[in-house]
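**Q** Residue numbers (our numbering), protein chains in the order written: chain A, 1083 to 1397; chain B, 1083 to 1397; chain C, 2 to 283; chain D, 4 to 500.
Calculated directly from the structure, the hints in this document are not laboratory data.
Which residues of chain B face chain D? A few of them, derived with a C-beta cut under 10 Å, are:
1) 1260
2) 1263
3) 1266
4) 1269
5) 1270
6) 1274
7) 1276
8) 1279
9) 1280
10) 1281
11) 1285
12) 1286
13) 1343
14) 1344
Note that beta-carbon positions come from the ideal geometry of N, C-alpha and C, so glycine has one too.
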Amino acid sequence: MNLKKILIGSQSGGIFLALILMCVLISSLTPRFLTDTNLLVILNQVSVNAILAFGVTFVIISGGIDLSLGSMLAVAGVVAALFAKSDGGNVYMALLMALGVGALMGAMNGFTVILSKVPPFIVTLGTMTIARGAALIISSGRPVSDLSESFNYLGNGDLMGVPIPIIILVGTYLVCHFVLTQTVFGRYVTAIGGNETAAWVAGIPVAKVKWWVYTLSGIFAALGGILLSARINTGQPNAGLGFELDAIAAVIIGGTSTRGGKGSMTGTLLGVLFIGVINNGLDLLNVSAYWQQVVMGGIIILAVVLDSVYQKMKR
Amino acid sequence: MNLKKILIGSQSGGIFLALILMCVLISSLTPRFLTDTNLLVILNQVSVNAILAFGVTFVIISGGIDLSLGSMLAVAGVVAALFAKSDGGNVYMALLMALGVGALMGAMNGFTVILSKVPPFIVTLGTMTIARGAALIISSGRPVSDLSESFNYLGNGDLMGVPIPIIILVGTYLVCHFVLTQTVFGRYVTAIGGNETAAWVAGIPVAKVKWWVYTLSGIFAALGGILLSARINTGQPNAGLGFELDAIAAVIIGGTSTRGGKGSMTGTLLGVLFIGVINNGLDLLNVSAYWQQVVMGGIIILAVVLDSVYQKMKR
Amino acid sequence: GSKESGEKKKIVIGVSMLSLQNEFIQQVSASLEKHAKEADVELIVVDAERSALKQVEQVENFISQQVDAIILNPAEFEASSPAILRAKKAGIPIVNVNSSTKEKPDAWVGSDDAESAKMAIDFLAKKLNGQGNILIIQGYMGQAAQIDRERGAVEALKAYPNMKLLATQTGEWDRAKSMSLMENWIQSYGDQIQGVFAHNDEMGLGAMQALLDAKKKDKVVVVSVDGIGDALKAVDAGTLDATILQNAEQQGAQAIALALDLIHKKPIKESQVLIPFQVKTK
Amino acid sequence: MEGEKPVLELNQVSIAYSGTPILHSIDLSLYPGEIHALVGENGAGKSTLMKTILGIISPDKGEVIFFGQKRHHQSLKQIMESGISMIHQELMLIPELSIAENIFLGRENELGFWPWERKKNAQLKTAELLRDCDIPLDPATLVKNLSIAEQQLVEILRAISQRAHLILMDEPTSSLSEKEITLFRRLIHKLKNEGVSILFTSHKMEEIFGFSDRISVLRDGYLISSSNKENCTEQEIVQQMVGREMNQFFPHREVQSGDISLQVKGLGIPGLFQGIEFDLHQGEILGFGGLVGAGRTDIGKALAGLLIPQEGEIKWKNQLVKFKNPQEAILQGIGYVSEDRKEMGFIPEFSVQHNLTLSSLLDFQRWGILDKSKEKETAEGHVSRMKIKTQGVDQQVMYLSGGNQQKVVFGRVLQHLPEVLILDEPTRGIDVQAKFEIYTLMAELSKQGKSIILISSDLPELMHMSDRILVISKGKQTATLKKEETNPAEIMSYAMK
Ligand SMILES: Nc1ncnc2c1ncn2[C@@H]1O[C@H](COP(=O)(O)OP(=O)(O)OP(=O)(O)O)[C@@H](O)[C@H]1O
Ligand SMILES: Nc1ncnc2c1ncn2[C@@H]1O[C@H](COP(=O)(O)OP(=O)(O)OP(=O)(O)O)[C@@H](O)[C@H]1O
Ligand SMILES: [Mg+2]
Ligand SMILES: [Mg+2]
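Using the sequences and the accompanying hints, generate a full structural model.
**A** Rendered as structure tokens:
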């Protein structure tokens, strides 16, 4: 993919520009920003949000929404931790169980959305509450710690100098990008988001595809939960509070339409990086906690507004 | 409005039934539920959520969303408290300033949504962050207390035995119901949510109406903030965290379509009461905190699923 | 009407806790349950989820349930005060546990948040010999514990003119958030950092983890407040330098005792019971 | 007429979308009481021109003069109040509002001040309008419960009730059947007598010549001619439209029916239709005739798996079948083109290519991975064979003209190689040339042994293309007529039964 194509040909040109501008701005303010280690830190920090965002990109493109990401992440994180205890735990078992639990919760979301035709907003809001309760119940409300070394390695180790979270981040991006743009499934997801009735009439198994979309979202949330638990060496029942909003924000900033039918993983990745860069920059610049929020919100609105102006100009 | 009309004729029949069932269930489990004082307590408790929900009903019917309710509430609550200090404060000034600030923030939301065509989800998510920061900044991060008696009266006083919050609750319900069903503005809001292009082509001033809708949402959030500050005798910069989700949940449970174009204030009121009754019931029944979340989420999903089945059966 | 038939019926006490997702508060709650059981008292424990409004409403619910006494673990100093007023108006005895409110309850048992921060700063100063660069990770902005611990830290720092506060930022009580924050700080301050004070153990552990990953932990002193399980373990392992331990067990025991005294209209010796903090180091 | 002052003048109006010119220097005048037909192929720019006149699109060059006043920046409401109303090609109604509320949408102040007063007046005035036009609908019915044709009638009533001096009608009759078209004709003549000018588009020759005083032809954005009806012939107009001579509108077709492919017995869904029975042979075209709301669409949906029949049976290749959804029907070789193109036909944001392959995507993949070059090749084949007017296979379908959108839908259905085609108003909104192409295609398919069910409200089309015609009235089958042995009058009489 060359630069021109990103800037002009794709929907993500605006946010790409905004990201570059942001980076230029921050590095002009502090020399600490544009260093190898700091860039690695940013990538490391955004990995969890990115994974959630990739998963929910499918959901949003299909015309739905998933507010239960953060809570599913917590459940899966706790489950992984419970199975990865240093005394007698087994990492593979932990991964399997956590991903399984995530898939199950996602599948339940999908099932309810499809069968009852209840808006996904309310279904996943319900799941958000239920799953949070479940995470607290299975952990008795306490962090689950003393995890095995090999589990922690997932969050803090590296492979030939590249931290594992970054490898997972890049891997999931490539897979999701491929699935969305090159496979029948990806095409179906987009079609359903574009016009669900027409997609159904055209013979697309709408219910099955939607079900898969929510299940995938659950699996990705679980993956995020595993990574987060491994990063902080603990399964936290109250981890991931509000992560769903961060993930959804990244997706929308990345140009995916809130009405569905249009979107890209590259956009989501750029959106995630954009948020991550601002977060990092504000900390580096030591902006006070109150102002961080104001600046963060302001920049996000500004970025999407500029993007929409940019998209209009391109026409 | 007679019973039959509510049950069969309106969209709110299902949730009305669910509410009744819930009340029967809880009162069969505890005699403490169906007492005068407890019912008053419930009404008192739902008043803030109800006011937010009425405001955001307009937004949702118009096809938008407002995630900044809770933060706008906090800003307005703090502003009101700052002007209603017992030493030299003035209640009228406090009300005026708080409502003004709410209107201003809402107007900004509307302005950005209309002019930039950025999805309201992300605009109001940005505002949510900005306003939260603003609430912290203007209060220096501290609760604002020592409020004048007459201000506190708004939250804790009564008029001929009826607590003021309940009077405000009923008043706003009546006004909003009237505006939505009987006025040209209400008709336009519904039309815009139903088919924005068609509404525009019919000569409806779409931008103006949408702008008003968000402004109203800000004003109602401010009213909620005033009431909350008065109820707890303090302007809290971190009040209202997550209130937007409660309010939106109530609106959707009440049968308003997430896609806009359809909805009612009666439904919203029932949705608010439903959530309030469950909250109250779970506390009365001494359900443990973690299970409360599970049960709460489960009941909400169940209620909307049953409602959608009920709506289908009615056909 | 438990008052009329008070002799036969079991005593019921309503408890509203600041946040049952917080491990320290859970410890207090567990202690309350334990001592209630010993005294054959029924407890109704509800979670205010850090919201003062919710707390006031929960107390309203208790009043309409006509409980015999209320134990309040206040979410806020001022904003939880109406709960006290309402209980008093309804003639139900109310006891504060762990933190205080502006409106005076019938009795109070707990500790002073500002004090814990002062002890943490004193500990840092001692470790750093009164001079060095420190960072403070705050709790969720605007909440009582954050405000008091911040106030305590600022006060305490005045005594150490050679201790420099490099930066202060919120970690929202969260381990992962505070870990990211520390990672960013390591980028901007690198080797200048010598001490970290986190408003709670969760955040202290997050900061510690970031420092361990960056292989800088041996150069930085980290202290935090509460004394939750993980923190005690980390202190024992030598990775966390200290935690300012609150005695949850004592707070719970005293609160139940005070509540029972009030219910039985026994005169209470002291309406304010202060349970001191302890600095827990290896 | 020429002596009067024109109601509307267009002066050198040009429009371009993202650099592509759509309209080239159009000059056009309309006089009071004139009924003016604007004709042209799909994508010629008719709708664009009408939207420009209304003021939804502002011209890149040139000016629009209404009653001698050049139009400046006016809001749509102001424009409409100055005396222009429009019926849009795409239905512009609010589904959750009632007929009465839709008709007076945006003009509530005309109904009085008090809410109850407005409610009462809307009801009364709408009832009056409906009665005047002989339309048996209740003003309080929600628009979402109306069929497409009924919605179109509501649109017409709305435009009329605005009491405009100039009414723009973009294919106002596309979904209407004979009966309503007669009614429509009466309506516009009444308007003409009141001095109202009408600019309308249609792809039906009878209407173009039957209703109008003048006919203007657009081709590729150029105004080719504008002449009085008396001074031109159908032949000429068609030639100007399509750029070549067209002598016949229906292809020659030899009926050669083979074995029975689809057998339907006692099919019904309570409340919609009942007792439908027929045998469909290979190579046969079976027409479904009837009035608006007769239930033909619902029968078609039941055959294609969109509705689940509750009574009777469907035998397909001598096997009983029960389709639970369109996917099953498609897999069994049943193709369906809906009358509701916008809702059920295509994915607006998808490109032409993606829409064309949507129903047969499994033929373009291996292990779930798409073979895009094969897909593109196929799509290009359809575009050139069906003469779909598009900037390329990557153009989004929402930017195509209505007729070309219909061709894309047709192409998608053909691509999954159905053996039975259920076509619900397949030529709705399609120009003469494209119609001819679609008819030729139908003839070809039937020659290959495919069976076709043609649901159509266009009587000439039904008469010419079908071998047999099943007439439906109020959900019941009233007659099965052989093409050679029947005539329009007979069909209509059964339709009204
Ligand atoms: N928004 C748009 N962007 C790009 N091209 C457009 C857009 N809208 C219309 N077009 C193009 O403009 C041309 C004219 O379209 P228009 O809808 O005016 O045709 P029409 O004559 O009304 O056709 P039909 O008979 O099918 O309704 C078409 O080629 C169409 O593809
Ligand atoms: N959602 C609905 N609710 C109630 N009635 C409906 C609904 N949809 C369709 N109908 C009614 O069912 C009847 C059959 O409609 P259908 O569309 O099958 O008729 P049709 O013969 O195809 O006519 P048309 O030419 O209008 O398509 C009509 O009277 C229509 O008003
Ligand atoms: Mg057109
Ligand atoms: Mg039909």
